[in-house]
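Enquirer: Working from the sequences, and respecting the hints, build out all of it.
Just so you know, the sequence shown maps onto residues 818 to 944 in this note's numbering.
Don't read these hints as lab results, they were simulated from the structure.
Heads up, a few of these hints could be off.
As the list claims (entries may be wrong) - Subject to a maximum C-alpha distance of 20 Å in a straight line, what follows is the list of computed PhoX-like cross-link-like pairs (lysine-lysine):
{"id": "1", "residue 1": "918", "residue 2": "906"}
{"id": "2", "residue 1": "846", "residue 2": "892"}
{"id": "3", "residue 1": "870", "residue 2": "906"}
{"id": "4", "residue 1": "901", "residue 2": "846"}
{"id": "5", "residue 1": "846", "residue 2": "884"}
{"id": "6", "residue 1": "884", "residue 2": "906"}
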Amino acid sequence: MNREWNDNQPIYRQLRDRGVHMILDGVLKEGDPLPSVRNVAAEYRVNPLTVLKAYQQLVDEDLVEMKRGLGMFVKAGARELLLKGERQKFLAEEWPRVAAKIQRLGLTRRELIAAAKRSLGKLARGK
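Expert: This is the structure:
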């Protein structure tokens with residue numbers, strides 16, 4: 818994982834976002850344990866309390882559960898919950914900007930469909 822930090826966002830929030838991306842990308846699946854607080858702190862050279870705060874956010878968002886003495890685990894349905902939220906966020910916040918730019922550029926449906934097919938084809942091939 819990338820160890821560079823964005824100065825415009827707290828590190829615990831960036832760690833939380835990395836955990837979310839790992840769940841969304843299927844790196845962490847339902848029932849999988851999260852890396853230990855100590856290991857993450859050592860790997861990223863941050864205070865363990867920073868990692869704990871990030872993990873606590875995941876618990877508060879009902880994505881992860883703490884099992885006393887065992888660690889933190891991805892909850893059943895976490896990925897679906899995240900996908901639902903990300904879809905809503907995309908449609909409410911990002912899509913209006915994309916749609917406005919499409920209109921400004923005068924792109925046709927045919928051009929958009931062709932571009933989407935090319936992009937999706939590249940993604941399917943892993944490029």
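Enquirer: Given the hint that residue 918 pairs with residue 906, does the C-alpha gap stay at or below 20 Å?
Expert: The given pair, whose Cα atoms are some 18 Å apart, holds under the 20 Å limit.
Enquirer: Decide if the proposed pair is consistent with the structure: residue 884 and residue 906, CA atoms, cutoff 20 Å inclusive.
Expert: violated, 31 Å
Enquirer: For residue 846 and residue 884, compute the direct alpha-carbon distance and say whether it is at most 20 Å.
Expert: With a Cα-Cα distance of about 16 Å, the restraint between residue 846 and residue 884 holds, given a limit of 20 Å.
Enquirer: Check whether the Cα positions of residue 901 and residue 846 lie no farther apart than 20 Å.
Expert: holds, 16 Å
Enquirer: Does the structure keep residue 870 and residue 906 at a Cα separation of 20 Å or less?
Expert: It is violated: about 24 Å lies between the C-alpha atoms, which goes past 20 Å.
Enquirer: Below or equal to 20 Å on CA atoms is what counts here, so check residue 846 against residue 892.
Expert: Roughly 9 Å separates the two Cα atoms, so the pair holds.
Taken one by one, the earlier hints fail for this structure at numbers 3 and 6, listed in ascending order.
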